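Based on these hints, arrange chain B on the given structure of chain A.
Residue-level listing of the chains:
There are 2 protein chains.
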Amino acid sequence: MSTPIRIGIVGYGNLGRGVEAAIERSEDMDLVGVFTRRDPADVLTRAASAHRMEALADYANDVDVLILCGGSKNDLPVQAPELAARFTIVDSFDTHARIPEHFAAVDAASRAAGTTALISAGWDPGMFSLNRVFGESLLPDGDTYTFWGRGLSQGHSDAIRRVDGVAGGVQYTVPSADAVASVRSGERPTLTTRQKHTRECFVVLADGADADAVREAIVSMPDYFADYDTTVTFISAEELARDHAAMPHGGFVIRSGVTGDGATQTIEYGLTLGSNPEFTASVLVAYARAVHRMNAAGQIGAHTVFDVAPGLLSPKSPEQLRAELL
Amino acid sequence: MSTPIRIGIVGYGNLGRGVEAAIERSEDMDLVGVFTRRDPADVLTRAASAHRMEALADYANDVDVLILCGGSKNDLPVQAPELAARFTIVDSFDTHARIPEHFAAVDAASRAAGTTALISAGWDPGMFSLNRVFGESLLPDGDTYTFWGRGLSQGHSDAIRRVDGVAGGVQYTVPSADAVASVRSGERPTLTTRQKHTRECFVVLADGADADAVREAIVSMPDYFADYDTTVTFISAEELARDHAAMPHGGFVIRSGVTGDGATQTIEYGLTLGSNPEFTASVLVAYARAVHRMNAAGQIGAHTVFDVAPGLLSPKSPEQLRAELL
Chain A
126 MSTPIRIGIV GYGNLGRGVE AAIERSEDMD LVGVFTRRDP ADVLTRAASA HRMEALADYA
186 NDVDVLILCG GSKNDLPVQA PELAARFTIV DSFDTHARIP EHFAAVDAAS RAAGTTALIS
246 AGWDPGMFSL NRVFGESLLP DGDTYTFWGR GLSQGHSDAI RRVDGVAGGV QYTVPSADAV
306 ASVRSGERPT LTTRQKHTRE CFVVLADGAD ADAVREAIVS MPDYFADYDT TVTFISAEEL
366 ARDHAAMPHG GFVIRSGVTG DGATQTIEYG LTLGSNPEFT ASVLVAYARA VHRMNAAGQI
426 GAHTVFDVAP GLLSPKSPEQ LRAELL
Chain B
126 MSTPIRIGIV GYGNLGRGVE AAIERSEDMD LVGVFTRRDP ADVLTRAASA HRMEALADYA
186 NDVDVLILCG GSKNDLPVQA PELAARFTIV DSFDTHARIP EHFAAVDAAS RAAGTTALIS
246 AGWDPGMFSL NRVFGESLLP DGDTYTFWGR GLSQGHSDAI RRVDGVAGGV QYTVPSADAV
306 ASVRSGERPT LTTRQKHTRE CFVVLADGAD ADAVREAIVS MPDYFADYDT TVTFISAEEL
366 ARDHAAMPHG GFVIRSGVTG DGATQTIEYG LTLGSNPEFT ASVLVAYARA VHRMNAAGQI
426 GAHTVFDVAP GLLSPKSPEQ LRAELL
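Protein chains in written order, with the working numbering: chain A, 126 to 451; chain B, 126 to 451.
Since the hints were derived computationally from the structure, they do not count as laboratory data.
All values reported here derive from a predicted model rather than from experimental measurement.
Accuracy of the hints is not assured; some may be wrong.
Since the list can't tell identical chains apart, any single copy or any two copies may satisfy a pair.
DSSO-like mimics (lysine-lysine), calculated; alpha carbons at most 30 Å apart, straight line [as the list claims (entries may be wrong)]:
id: 1; residue 1: Lys198; residue 2: Lys441
id: 2; residue 1: Lys198; residue 2: Lys321
id: 3; residue 1: Lys441; residue 2: Lys321
Same shape as in the complex, but just chain A:
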């Protein structure tokens, strides 16, 4: 085994905690520490030492890859270019519409500094994106369908909790079984938003709130629920805590197409995740291994999962991969 890859974690929420756990399972990596904007004394890690963000200046020679675990809205647009100017980084930037602009900012910083950056790793964007590219590259005459769930959506859960009369709640995105069956059969249906997914809400009412009014406010909410068939189930605070604390998610990318004189071909990639943040974290850690190798090979600048040879994700050598897994 060669020298371990030295990893730093920036930000310590669910994702950062997942990265710490994933590094514990990676024999070729050492965790240098967690870097946080909070008071390190208040950050309860699994085992790692916690440091103030400013302390990163002292670690320039002790960290091979920084894994950025902040949010896409406020943290990563600032942190990723700033840190790419000093470190090789991986992030999970997931605001699809702003990816080109984020890529450009990180690429400029990274090229100037001779570091390597991998943006938008995770499962969507990430593994699902890869399978969209594989799908349309292998079956140019075809259609790609992405279904999400059954899974807890953080954004939709937050939207529920902002409704008057709601004391707590979660939302699950559920792919429609009929739609999935139709796609798998090779029918290549045209599906509306409403036909693809349903939304299931579990809501704790505030004292004295009117259930019907709350239900109506949720199901008619534009952008979030109005375009979907949404169910609202009222539960107690105890049930919410007991039955809805996990963060499962997943989904499918299905490419359905034809070859030759009309043979139907279907490719399906599916994830069933007991913990969404821990799986995302596992992807970030595997890509940290890849960017470390890419940087050593002189491949500087920003990259995405599309630019990374899959063998670089594995701790095994190319010879071993060919002999054991090809």
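Same frame as chain A, but now just chain B:
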């Protein structure tokens, strides 16, 4: 659109025919012709011109990538190193145990000549291999399961046809539903060969053959059937021609593992193929696009799917991929 990629096909069986059809659906590629050891006058292509193998010497400047469509047993071990010394090539070498030796021979020829070679493309080896690497890289604490089928196995069909008293027949490999369900559930079972797949044979008896003796000879055949639960169904020559002429195949690669303090995570990649050779051909064509770009970028020598950045498979630019598919 830049200059089309000029492709030559070497060998024209089911796979070569599938490659020809796949190139028809690839707008960035032109098919230069089919090169064959048969008399070109006897080769009925879909549309391409057919030439004697020896004519390849005249095409050194007119072909960007040769796609080798011969067999792994006798053709590719000879042709791939020989042609890699003159052309950038893609092959579908699928004798798993001999891949390291094939890689070394092709790599030496290709490096000496400054060409690029991609060996063992297809779906297994190929897309399934990629998913085995992704699976264990993302979930190091886990198990990988590969199931094949339901699909027609050429090797097992040939074995049936060699049995005394058999006038014709086909064999389907079928994944066991119980085994697949157990793996999908995250149980990480230990499965014997017999538990993973069953084998279904459809056999036409020769005149006067003893059905019981034929059945017994098949189900007890070492290596091919003895380790499996095998069913033999006798059918007429008409039924064989009518119901068993297609070449469907497929299967799954499932990685099941845990993260953090025990969350179960499952990744599943599945193929349902109406035509096995046409899908393999589609993979070869997409990788021909990739090796052409790799050669232009100076990446010479032998490679496998593990070494190819997925974005290189797509006719779209990196900017387009990031904006549309990430």
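Hints breached by this structure: none
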